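Going down the list, the sequences are from chains F and D.
For what it's worth, our numbering labels the leading residue of the first sequence as 1, then goes sequentially.
For what it's worth, our numbering labels the leading residue of the second sequence as 1, then goes sequentially.
Fair warning: there could be bad hints in the mix.
To be verified - Cut-off 30 Å, straight-line C-alpha distance, at most; resulting in silico cross-link-like pairs (DSBU-like, lysine-lysine):
id	chain 1	residue 1	chain 2	residue 2
1	F	LYS41	D	LYS178
2	F	LYS43	D	LYS178
3	F	LYS41	F	LYS69
4	F	LYS69	F	LYS43
Said to hold, decoys possible - Covered by chain D, according to a simulated footprint, are these stretches of chain F (three or more residues, beta-carbon under 8 Å):
id	stretch
5	28-38
6	56-63
Keep in mind the hints are simulated off the structure, nothing from the lab.
This structure is a prediction, so every number in the text was calculated from the model and none was measured.
For each residue, glycine too, the CB sits at the ideal point set by N, CA and C.
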Amino acid sequence: MKPRHDIQNAVRQHRLMSGLTQEDLADRVGVTRQTILSIEKGKYTPSVALALALAEVFGETVETLFQLKQGDGHD
Amino acid sequence: MTDPHRPTRWRLSAATMIAGTMVIAGFLLTEISWWFFLLTAAGTLGPGLLREIGWLADRDEFQRRAEYRAGYLAFLVTACVAFVLVAHIRSGGAFEHPERLASFLLALLWFTWFFSSLLSYWGAPRTAARTLYAFGTVWLVFAILSNLGSEWTGWAALLLHPLLAVPFFALGWLATRKPRLSGALLIIASVGFFLFFEAPRISREGSLTAIIDDGGMLLFLGPLIASGVALLSVGAEDENEDEDETPT
Numbered sequence: 001m002k003p004r005h006d007i008q009n010a011v012r013q014h015r016l017m018s019g020l021t022q023e024d025l026a027d028r029v030g031v032t033r034q035t036i037l038s039i040e041k042g043k044y045t046p047s048v049a050l051a052l053a054l055a056e057v058f059g060e061t062v063e064t065l066f067q068l069k070q071g072d073g074h075d
Numbered sequence: 001m002t003d004p005h006r007p008t009r010w011r012l013s014a015a016t017m018i019a020g021t022m023v024i025a026g027f028l029l030t031e032i033s034w035w036f037f038l039l040t041a042a043g044t045l046g047p048g049l050l051r052e053i054g055w056l057a058d059r060d061e062f063q064r065r066a067e068y069r070a071g072y073l074a075f076l077v078t079a080c081v082a083f084v085l086v087a088h089i090r091s092g093g094a095f096e097h098p099e100r101l102a103s104f105l106l107a108l109l110w111f112t113w114f115f116s117s118l119l120s121y122w123g124a125p126r127t128a129a130r131t132l133y134a135f136g137t138v139w140l141v142f143a144i145l146s147n148l149g150s151e152w153t154g155w156a157a158l159l160l161h162p163l164l165a166v167p168f169f170a171l172g173w174l175a176t177r178k179p180r181l182s183g184a185l186l187i188i189a190s191v192g193f194f195l196f197f198e199a200p201r202i203s204r205e206g207s208l209t210a211i212i213d214d215g216g217m218l219l220f221l222g223p224l225i226a227s228g229v230a231l232l233s234v235g236a237e238d239e240n241e242d243e244d245e246t247p248t
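Please work from the sequences and hints to get the whole structure.
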């Protein structure tokens, strides 16, 4: 079944603005670099806990990092 | 930007290394007694059981999801084959070597889980590349050792046999750069290999029995075909999967 809610994220942009490598960010939130790579590529949507941890690293809200793609989920 | 083909550091956890040692030791000790195969079982299933109990926390959520997906896929594939086998046996079909049937099902279950978890975690290009490098290395070591041992057939053989490893390394190199081309070549090579080596035997011995009796073929052609199919499905945006941009 196709998921009703596609999520886009701005993790990569925030990571680059913060001067972090994927490895740095992975270490900060306690996951592997592959996990960060998959999130940035949009292949993996993290749990709420990990999303909160990522937002905390960047000093942003979760909604700033993750949004529903336009046209999804509000029908 | 760093080199997009730079490999990710591959860290093996202590649990993985211990489990791997148990698996290999179990296999080797089956020469003494097949009861040592239970050591392989402990190495294969132990880490997963400990993780489920909560005594081992060496996986992040993405890795756990990859393993769960792989487990479900392994269930679907193995159950499909098991249903066909039960129908075949209950309809009066017979197997000359029932022990090979059991091994075949176990190999299918394990292989599907293992390969699928790698695909989910690393993605197709790197899984395929590492599989091909592993195959090439095994062939290289095998070719050198067998020629240096009691089967010494001269320098020409020692130099020529290892050359058969070159296509594995070449396709592995290509897998992260041109995934779809590499996938197509892998499929063609696998089909060619199957038609050349396996098809005559299958038509001679009867399809189902022949396939199951040669579990080694599953472990050889399985990863190549699975890698090929996975590579063919890679989109253009995934071709530089290893990218880790250095911030400016």
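Quick rundown of the hints versus the structure:
{"no.": "1", "hint": "F:LYS41 / D:LYS178", "verdict": "19 Å, holds"}
{"no.": "2", "hint": "F:LYS43 / D:LYS178", "verdict": "20 Å, holds"}
{"no.": "3", "hint": "F:LYS41 / F:LYS69", "verdict": "14 Å, holds"}
{"no.": "4", "hint": "F:LYS69 / F:LYS43", "verdict": "14 Å, holds"}
{"no.": "5", "hint": "28-38", "verdict": "holds (count 8)"}
{"no.": "6", "hint": "56-63", "verdict": "violated (count 0)"}
Hint 6 from the earlier list is the only one contradicted by this structure; the remaining hints agree with it.
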